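Undergrad: Sequence:
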Amino acid sequence: LCGDQPSIKELIDYEMFCGIVPEPVNISQNPDETSVQAMKLALDQPALNIKVVDVRDPDEYEIAHVLGTQLIPLGSLGERFTELDPNQQIYLHCKSGIRSMKALKFLQERGFKYVKSVKGGIRAWSEEIDSSVATY
4 LCGDQPSIKE
14 LIDYEMFCGI
24 VPEPVNISQN
34 PDETSVQAMK
44 LALDQPALNI
54 KVVDVRDPDE
64 YEIAHVLGTQ
74 LIPLGSLGER
84 FTELDPNQQI
94 YLHCKSGIRS
104 MKALKFLQER
114 GFKYVKSVKG
124 GIRAWSEEID
134 SSVATY
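Throughout the sequence shown, residue numbering follows this note's numbering, covering 4 to 139 in sequence.
Where hints are given, some of them may not hold.
[As the list claims (entries may be wrong)] Derived pair list, reagent style DSS-like, types lysine-lysine, alpha-carbon separation capped at 30 Å:
hint : residue 1 : residue 2
1    : LYS105    : LYS116
2    : LYS54     : LYS116
3    : LYS105    : LYS43
4    : LYS43     : LYS54
5    : LYS108    : LYS43
[What the hints assert, rightly or not] Here are the computed distance ranges between Cβ atoms for each label pair:
hint : residue 1 : residue 2 : range
6    : ASP47     : LYS108    : 26 to 32 Å
7    : ASP62     : GLY114    : 20 to 26 Å
8    : ASP7      : LEU51     : 41 to 47 Å
9    : SER135    : PRO34     : 46 to 52 Å
10   : ALA50     : LYS105    : 27 to 33 Å
11   : GLN32     : GLN111    : 27 to 33 Å
12   : GLY71     : PRO9      : 25 to 31 Å
13   : GLY71     : SER10     : 17 to 23 Å
By construction, these hints were calculated from the structure, which means they are not laboratory data.
The structure displayed is predicted, hence computed values, not measured ones.
Glycine included, each C-beta is placed from N, C-alpha and C at the ideal position.
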């Protein structure tokens, strides 16, 4: 940056250099919801330690699913919620956001504090993140 023949010609990316991981962005008005962009960040950066759970039925999951998600159908959540850590941040998604909100309420009633419903579900994922994921 200084002198006739500088060896450093540009500033470093300080956040990348220090290993600072950006917080997921929540553009939703509902504090219980998060965006598909935040879901993508959670899946792309395992260091964030955010579990993404698909609460749709297995036949829907076969039609289309997002890699890296765990399938726990809403109808099985009553028996399987103990598979989840109540102290871990969890993003729930379904087809459009209705079942994931039901799952969120169910988990909150059982002491889960860090759960969010992904607004728009897999439909929003297909429209905004990855169009190769089928919509139905």
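Undergrad: Each hint needs a verdict: does it hold in this structure or not?
TA: Against the structure, the hints come out as follows:
Distance restraint check for LYS105 and LYS116: the Cα-Cα separation of roughly 15 Å lies within the 30 Å cut-off, and the hinted pair is therefore satisfied. Annotation: proposed proximity of LYS54 to LYS116 holds, straight-line Cα distance about 14 Å (limit 30 Å). Between LYS105 and LYS43, the direct Cα distance comes to roughly 22 Å. Compliance with the 30 Å bound is thereby established for this hinted pair. Under the criterion of a C-alpha separation no larger than 30 Å, the hint pairing LYS43 with LYS54 is consistent with the structure, at around 11 Å.
Restraint check for LYS108 and LYS43: the C-alpha separation of about 23 Å stays at or below 30 Å, so the hint holds. Between ASP47 and LYS108 the beta carbon distance is about 28 Å. The supplied range of 26 to 32 Å therefore holds. In this structure the supplied range 20 to 26 Å is violated for ASP62 paired with GLY114, their Cβ-Cβ distance being about 31 Å. For ASP7 and LEU51, the hinted distance range of 41 to 47 Å is satisfied, since their beta carbons lie about 45 Å from each other.
A C-beta distance of roughly 31 Å is found between SER135 and PRO34, which places it outside the suggested range of 46 to 52 Å. Remark: the range hint 27 to 33 Å for ALA50 to LYS105 is upheld by a beta-carbon distance near 30 Å. With their beta carbons about 18 Å apart, GLN32 and GLN111 fall outside the hinted range of 27 to 33 Å. About 43 Å separates the C-beta atoms of GLY71 and PRO9, a value inconsistent with the hinted range of 25 to 31 Å.
Look at GLY71 against SER10: about 41 Å separates their beta carbons, and that is not inside 17 to 23 Å.
Going through the hint list in order, the structure does not satisfy hints 7, 9, 11, 12, 13.
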